[in-house]
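The residues making up each chain are set out below.
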Amino acid sequence: MNTPTPQLRISFSLPLDQFTLQVDYTTAHQVTGVFGVSGAGKTSLLETVAGIRKDAEGVIKLGEETWLNSTDNTYLPPHQRKVGYVPQDNLLFPHQNVRQNLLAGAKRAERNQREIDSLFDRVVQLLDIAGLLSRQIGTLSGGERQRVALGRAICSGPGLLLLDEPLASLDVALRYQILPFLHRMKEEFRIPILLVSHDPVEVQALCDDLLVLKAGRITASGHPREVLTDPDVFPVADREGFQNIFPAIIEAHEQETSTLQMGEDGSSIRIVTPRAAGNPGDRVLVGIPAYDIILGDHEPKGLSARNILQADITNIHSAGTLNLVTVTLGENVPNLVVEITEKSTHEMALEPGKEVHLIIKTASWRLHE
Amino acid sequence: MTETTISALLLTLKTATVATVIVTIPGTLLAYILARYSFPGKDVIATIVGLPLVMPPTAVGYLLLKTFSTHGLLGPETLGFDPEILLTWKAVVVACSVMATPLVVRTARVTFEGVNPRLEVMAQTLGHGRIRTFFFYTLPLASRGLLAAIILGFTRAVGEFGATITIAGNIPGRTQTLSTAIYSAQQVGRDAEAYFLLGVALLVGFAAIMATEYLSRKSPGYLSG
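These protein sequences, in sequence, are chains A and B. Taking my numbering, I'd label the letters of the first sequence as residues 357 to 725. Taking my numbering, I'd label the letters of the second sequence as residues 415 to 639.
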């Protein structure tokens, strides 16, 4: 399953009510995020890629397939573009039950030489919806609807998934229950994804590449953590401040805590978190708000906090009276962002390259599993 | 029950059924076009189709009479052959079809307008072309309202009087229908026969309205998706 991700090229302009959506971007990352406040043109961008908006001018290509090219009047209608579109409001078919909804795009999957039976089984298992198959759509909860809509898109054998704010319609508790499903789906199916979101946690957990959309224009792009700690983007990012989120593997359980291997296989960093629900070997997503990490300039002794991690500062961004300090912990481990005051930065004489220690209480970690 | 009464009931059943069949398919397509597309002349078409709802049925009948008469637009002279419509059961079908059309088209149009167009777009992104989308998504999503439209159209055809009597006459055993038979029975004082036919009319009407009430109530909120 390690075929390289086909290149997605979106280069078009689309007149909207308030402004013209103008994008020119090429990505070969598996998950590309489109980040911005509501009204920035995010959904219009997805609808244009899906072919629902017909008045866009420019070029849209996935790999070798051209979906739009205004110079030679190429415009493929939605049913000829291999997209799996998951809109914000799910749009499940109310006249069909869950199984029928999941199989609504099965014919297309077969045309694309996908074995629908095994695909269906994998989707049902991964999204944990076996118990829902004969249910009517009207009886499903919000989280269940979201999973069925996602499953329906994958079962149609798409070459590109378009996810519009997959978590936005859910309340906070539910939101972080769906996140692991999305993450597993990303790992399991390896389908290129264009994901629209205004949630920095979601973006960081899922995206390999991020572009920021403001009033129809791309104002920043790059690795999600880099982009989200950019002071120009930061006010957009979140009122609650920056949230670190990264994958980890459960190593062992203690009575009320668990030890996790931070990052990917082969990382040497261990963290102590509240007890995880999964089994040793399971992957989880771990979150920590940037303001919940304390920085020390030497290794502290005699603290109750269970996590003291050595790290090096890679850069410091100023965001008003706050500074966002990015630190690197080692190989195969994602960088973390720490939020401290401007004053602390000066008093501790923090600068890129300096060695620091991160102090994190066990209870500060948030596990999404 | 006399032979002519039975014959009137059978003729009504036959003509109303044929008229409903004739009206349903083009009526549904027209309703869909009116619901989903905008084009020049759309309001004029919608108005013409709706006219029989408000015009005196005898006036519609008179117009049809002129259309199918010897020198009319669809008369024997223009067509080059005689379709033998006037004063036959076919005239009943024509009258019923014209009078039922507005009810079918308007009900179907409102139904299609209630189907969330984004669901159709969704079907397209799942690989279904326009025609497949219409038959496998739009029609099933609209099925309850369309059934109501058909029932209303059929019932309207069963009760048609003014246009029918104008172009088909009221010939017992040949063009006499339920409604014209009630008129005749009442005119000559055959009360028992009139009461019986009244009962049938009540039953049909009651069942039809009941059914449409049921169909509209159980509609599962498609708009909200």
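None of these hints come from the bench; they were simulated from the model. Mixed in with the good hints there might be a few duds.
[To be verified] Footprint (simulated), chain B over chain A, 3 or more residues, beta carbon under 8 Å: (1) 540-550; (2) 666-677.
[Said to hold, decoys possible] Chain B side only, calculated, beta carbon under 7 Å to chain A, not exhaustive: (3) L488; (4) T492; (5) P531; (6) R532; (7) M536; (8) L540; (9) G541; (10) H542; (11) G543; (12) I545; (13) T552; (14) L553.
C-beta: ideal position from N, C-alpha, C; glycine also.
Quick check: which numbered hints come out false for this structure? Structure breaks hints 1, 2, 3, 4, 5, 12, 13 and 14.
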